[in-house]
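Q: Sequence:
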Amino acid sequence: MKRGLILYITGNEPTNLNLNSKNIAKMIGTDDTIEFVSESSGRSDLHEAWFNLVVKGNHSIKCQLAKFGSDGSLQLTDKEMRIC
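In this text, residue positions in the sequence shown follow the working numbering: the first is -7, and each later residue adds one.
Hints were generated in silico from the structure; no laboratory data involved. Positions of the beta carbon are idealized from the N, C-alpha and C atoms, including for glycine. Don't take every hint at face value.
In silico EDC-like pairs for lysine to aspartate or glutamate, Cα to Cα no more than 20 Å straight-line [said to hold, decoys possible]:
no., residue 1, residue 2
1, LYS14, GLU40
2, LYS14, ASP24
3, LYS(-6), ASP23
4, LYS59, ASP37
5, LYS48, ASP37
6, LYS71, GLU31
7, LYS54, GLU40
8, LYS54, ASP70
9, LYS59, ASP70
10, LYS59, ASP24
11, LYS59, GLU31
12, LYS59, GLU72
13, LYS54, ASP24
14, LYS54, ASP37
15, LYS18, ASP63
16, LYS54, ASP23
17, LYS48, ASP24
18, LYS71, ASP24
19, LYS(-6), GLU40
20, LYS48, ASP23
21, LYS(-6), ASP24
22, LYS59, GLU5
23, LYS14, GLU31
24, LYS18, GLU5
25, LYS(-6), GLU72
26, LYS54, GLU72
27, LYS18, ASP70
28, LYS71, ASP37
Cβ-Cβ distance ranges computed for the label pairs, FRET-style [unchecked claim]:
no., residue 1, residue 2, range
29, SER62, MET(-7), 33 to 43 Å
30, ASP23, LEU57, 17 to 27 Å
31, CYS76, ASN8, 29 to 39 Å
32, SER13, THR69, 17 to 27 Å
33, ARG74, THR7, 31 to 41 Å
34, LEU9, GLN56, 15 to 25 Å
35, PHE43, GLU72, 18 to 28 Å
36, CYS76, THR7, 30 to 40 Å
37, LYS18, LYS48, 12 to 22 Å
38, LYS54, LYS18, 11 to 21 Å
39, GLU72, ASN15, 13 to 23 Å
40, ARG74, ASP37, 18 to 28 Å
All chains, full assembly: derive it from the sequences and hints.
A: As structure tokens, this is what we get:
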């Protein structure tokens, strides 16, 4: 079963970072299909991210809150929910 992950990213995005799904997957060390939502990237629709994951064949989708640290690293919080 394919798993998807929606990251809702808060905080100031580092200026030298190319924010895309592949880079984020490497940063957090996951094989899940990732969609992200962040105000700074212009991708702010959670429903669209969920739809994109469903269309790609993901059956189990979680949404997790993440934030950029002062050093530019992406830090996952313990706030997570499963979207059905």
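Q: Now, for every hint given, state plainly whether the structure supports it.
A: Hint by hint, here is what the structure shows:
1. LYS14 - GLU40: With a Cα-Cα distance of about 18 Å, the restraint between LYS14 and GLU40 holds, given a limit of 20 Å.
2. LYS14 - ASP24: This hinted pair holds, its Cα atoms lying about 10 Å apart.
3. LYS(-6) - ASP23: holds (10 Å)
4. LYS59 - ASP37: Status holds; Cα separation ~17 Å.
5. LYS48 - ASP37: holds (17 Å)
6. LYS71 - GLU31: holds (18 Å)
7. LYS54 - GLU40: Roughly 14 Å between the alpha carbons, so the hint for LYS54 and GLU40 holds.
8. LYS54 - ASP70: Judged against 20 Å, a Cα distance of about 12 Å means the pair holds.
9. LYS59 - ASP70: Roughly 11 Å separates the two Cα atoms, so the pair holds.
10. LYS59 - ASP24: Since the Cα atoms of LYS59 and ASP24 sit roughly 19 Å apart, the hinted pair holds (cutoff 20 Å).
11. LYS59 - GLU31: holds (12 Å)
12. LYS59 - GLU72: Roughly 13 Å separates the two Cα atoms, so the pair holds.
13. LYS54 - ASP24: Since the Cα atoms of LYS54 and ASP24 sit roughly 10 Å apart, the hinted pair holds (cutoff 20 Å).
14. LYS54 - ASP37: Measuring from Cα to Cα gives roughly 15 Å; hence the hint holds.
15. LYS18 - ASP63: holds (17 Å)
16. LYS54 - ASP23: Given that 20 Å is the threshold and the Cα spacing comes to 13 Å, the pair holds.
17. LYS48 - ASP24: Within the cut-off at roughly 12 Å; holds.
18. LYS71 - ASP24: Roughly 17 Å between the alpha carbons, so the hint for LYS71 and ASP24 holds.
19. LYS(-6) - GLU40: holds (18 Å)
20. LYS48 - ASP23: Holds, at roughly 14 Å.
21. LYS(-6) - ASP24: holds (7 Å)
22. LYS59 - GLU5: holds (9 Å)
23. LYS14 - GLU31: holds (19 Å)
24. LYS18 - GLU5: Roughly 16 Å separates the two Cα atoms, so the pair holds.
25. LYS(-6) - GLU72: holds (18 Å)
26. LYS54 - GLU72: holds (7 Å)
27. LYS18 - ASP70: holds (19 Å)
28. LYS71 - ASP37: holds (18 Å)
29. SER62 - MET(-7): 33 to 43 Å: holds (37 Å)
30. ASP23 - LEU57: 17 to 27 Å: holds (20 Å)
31. CYS76 - ASN8: 29 to 39 Å: Because 37 Å falls inside the window, the suggested range holds.
32. SER13 - THR69: 17 to 27 Å: Because 19 Å falls inside the window, the suggested range holds.
33. ARG74 - THR7: 31 to 41 Å: About 33 Å separates the Cβ atoms of ARG74 and THR7, which means 31 to 41 Å holds.
34. LEU9 - GLN56: 15 to 25 Å: At 19 Å between Cβs, range holds.
35. PHE43 - GLU72: 18 to 28 Å: Given about 20 Å between the Cβ atoms, the range holds.
36. CYS76 - THR7: 30 to 40 Å: holds (37 Å)
37. LYS18 - LYS48: 12 to 22 Å: holds (19 Å)
38. LYS54 - LYS18: 11 to 21 Å: holds (18 Å)
39. GLU72 - ASN15: 13 to 23 Å: Cβ of GLU72 to Cβ of ASN15: about 21 Å, so the range 13 to 23 Å holds.
40. ARG74 - ASP37: 18 to 28 Å: Roughly 19 Å apart at Cβ, these two residues keep to the hinted range, so it holds.
The structure fails none of the hints (numbered hints given earlier).
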